[in-house]
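**Student:** Below, each chain spelled out in residue letters.
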Amino acid sequence: MKQILTLVILLTFGVVTSQAAEGDRVTSTLQASLQKTFAGAKILKWSELGSSDLLYASVLYNNERMNAYFDGKGNLIASGRFIKAESLPLIVSKSLNEKYAGASIIDVVEYIEKEGTSYLVTIHSNSKEMVIHSFTDGSSYVFKKTKITGK
Amino acid sequence: MKKQLITLSLAVLVTISSAFAGNKEGVSDKAIKSFNREFAQARNVEWDTNKELQKATFELNGQVMFAYYNKEGELLAVSRNLATNQLPIRLSASLKQQYGDYWVSDLFEMASNNESSYYITVENADSKTVLRAIGAGDWQLYKKIKKEAL
Chain A
1 MKQILTLVIL LTFGVVTSQA AEGDRVTSTL QASLQKTFAG AKILKWSELG
51 SSDLLYASVL YNNERMNAYF DGKGNLIASG RFIKAESLPL IVSKSLNEKY
101 AGASIIDVVE YIEKEGTSYL VTIHSNSKEM VIHSFTDGSS YVFKKTKITG
151 K
Chain B
1001 MKKQLITLSL AVLVTISSAF AGNKEGVSDK AIKSFNREFA QARNVEWDTN
1051 KELQKATFEL NGQVMFAYYN KEGELLAVSR NLATNQLPIR LSASLKQQYG
1101 DYWVSDLFEM ASNNESSYYI TVENADSKTV LRAIGAGDWQ LYKKIKKEAL
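First to last, the sequence lines map onto chains A and B.
Everything in the first sequence is counted per my numbering, starting at 1 for the first residue and increasing by one.
Everything in the second sequence is counted per my numbering, starting at 1001 for the first residue and increasing by one.
To be clear, the hints were calculated from the coordinates, so they are not data collected in a lab.
One thing to keep in mind: the hints can contain errors.
[Stated by the list, open to error] Straight line, CA to CA, 30 Å or less: simulated DSSO-like cross-link-like pairs of lysine-lysine:
id, chain 1, residue 1, chain 2, residue 2
1, A, K94, A, K42
2, B, K1146, A, K94
3, B, K1033, A, K94
4, B, K1096, A, K114
5, A, K84, A, K114
6, A, K94, B, K1051
7, B, K1143, A, K99
8, B, K1143, A, K36
9, B, K1096, B, K1143
10, A, K94, B, K1030
11, A, K73, A, K36
12, B, K1096, A, K42
13, B, K1128, A, K36
14, A, K99, A, K42
15, B, K1144, A, K36
16, A, K45, A, K114
17, A, K114, B, K1143
18, B, K1144, B, K1051
19, A, K99, B, K1144
20, B, K1051, B, K1030
[What the hints assert, rightly or not] Listed next, with one range per pair, are the computed distances between beta-carbon atoms:
id, chain 1, residue 1, chain 2, residue 2, range
21, B, D1101, A, S52, 23 to 29 Å
22, A, Y141, B, K1147, 46 to 52 Å
23, B, D1101, A, K144, 41 to 47 Å
24, A, K73, B, E1123, 52 to 58 Å
25, A, N97, B, S1127, 35 to 41 Å
26, B, N1081, A, T6, 32 to 38 Å
27, B, K1147, A, E115, 35 to 41 Å
28, A, K73, B, K1147, 43 to 49 Å
29, B, K1051, A, L60, 47 to 53 Å
30, A, A39, B, N1114, 29 to 35 Å
31, A, T27, B, Q1063, 41 to 47 Å
32, B, N1114, A, S28, 24 to 30 Å
33, A, F82, B, Q1041, 22 to 28 Å
Heads up, the beta-carbon is just placed ideally off N, CA and C, and yes, glycines get one too.
The whole structure should be built from the sequences, with the hints applied where relevant.
**Tutor:** If you want it as structure tokens, here you go:
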């Protein structure tokens, strides 16, 4: 599962590329699986994720853009969308404010998989950009850290 | 179990705004100190009390929030009203599947005991239903009220 999360994050931040999925890979099972969970979702594009056997659908759901990720057998394994910082659960935002006081939140991805919902929060703090993986109980760890270089 | 009961009774109190009748008398120093420590950036703070609780209404990061304290000045819970698009997508999707024909009349998040719970009131012509989800888990029936015939 960690591998999927990594791929999803790398895709989100443009490190992994994707290409349009071949038509025969987008089976009716895939479509049904998507509609079962996200009824009424409007599919914008099917893509293959990097060199993995994963497929993902970019969809409009409740007028918001999100991605739904499927394994090679057509099972929905994860989904993700950008959300506003104000939509973070109170416990998560409180915990981040305490751990990274003074940091600016740049963007937030809500990530859902079988194990539950978690959040990938990109922050800028003291010339560093960090991606924090936060959980609904307020726990978190630094997933990625890079130094912000001046232009 | 005791904390669970407190959370449940708080949820009921939050939905009934009249439970706090604008009585600003008797807010304890402990509650005010605790609030100032916990929410140093809060603005436009107003206090209400009832027999059991002390409630602070305030603005933080552009949002109106509510903090609930017991008589001993301990923070019991923090809550805020939400728009449906602020719900975790899993909750939003299952709500649409199960209650797609209902309209939403109330939605708030309550944080206590290191976990967030969501309470949503959905209605149709016949009934008013309150659902609760702990974390971003599944909705559970919390309360259902049949509407009286007109």
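**Student:** Would the pair K1033/B and K94/A pass a check requiring their Cα atoms to be no farther apart than 30 Å?
**Tutor:** Given that 30 Å is the threshold and the Cα spacing comes to 18 Å, the pair holds.
**Student:** Given the proposed pairing of K1144/B with K1051/B, does the C-alpha separation stay at or below 30 Å?
**Tutor:** Distance ~27 Å between K1144/B and K1051/B Cα, so the pair holds.
**Student:** Has the hinted range 29 to 35 Å been met by the Cβ atoms of A39/A and N1114/B?
**Tutor:** Given range 29 to 35 Å: holds, Cβ gap about 33 Å.
**Student:** Per the hint of 47 to 53 Å, is the separation of the Cβ atoms of K1051/B and L60/A within bounds?
**Tutor:** At 49 Å between Cβs, range holds.
**Student:** Quickly compare the C-alpha distance for K1096/B and K42/A to 30 Å and report which way the hint goes.
**Tutor:** Roughly 15 Å separates the two Cα atoms, so the pair holds.
**Student:** Quickly compare the C-alpha distance for K94/A and K42/A to 30 Å and report which way the hint goes.
**Tutor:** Violated, at about 34 Å.
**Student:** So does N1081/B sit 32 to 38 Å from T6/A, Cβ to Cβ?
**Tutor:** holds (36 Å)
**Student:** Do the Cβ positions of D1101/B and S52/A conform to the proposed distance bound of 23 to 29 Å?
**Tutor:** violated (39 Å)
**Student:** Taking 35 to 41 Å as the stated bounds, is the beta-carbon spacing between K1147/B and E115/A within them?
**Tutor:** With a Cβ separation near 39 Å, K1147/B and E115/A satisfy 35 to 41 Å, so the hint holds.
**Student:** Quick one, are K1143/B and K36/A close enough, alpha carbons at most 30 Å?
**Tutor:** Judged against 30 Å, a Cα distance of about 27 Å means the pair holds.
**Student:** Using the beta carbons of Y141/A and K1147/B, state whether their distance is inside 46 to 52 Å or not.
**Tutor:** holds (48 Å)
**Student:** Against the 30 Å threshold, does the CA-CA distance of K1143/B and K99/A hold or violate the hint?
**Tutor:** Answer violated: K1143/B to K99/A is near 37 Å, above 30 Å.
The structure does not agree with the numbered hints 1, 2, 7, 14, 19, 21, 24, 32 stated previously, though it agrees with the rest.
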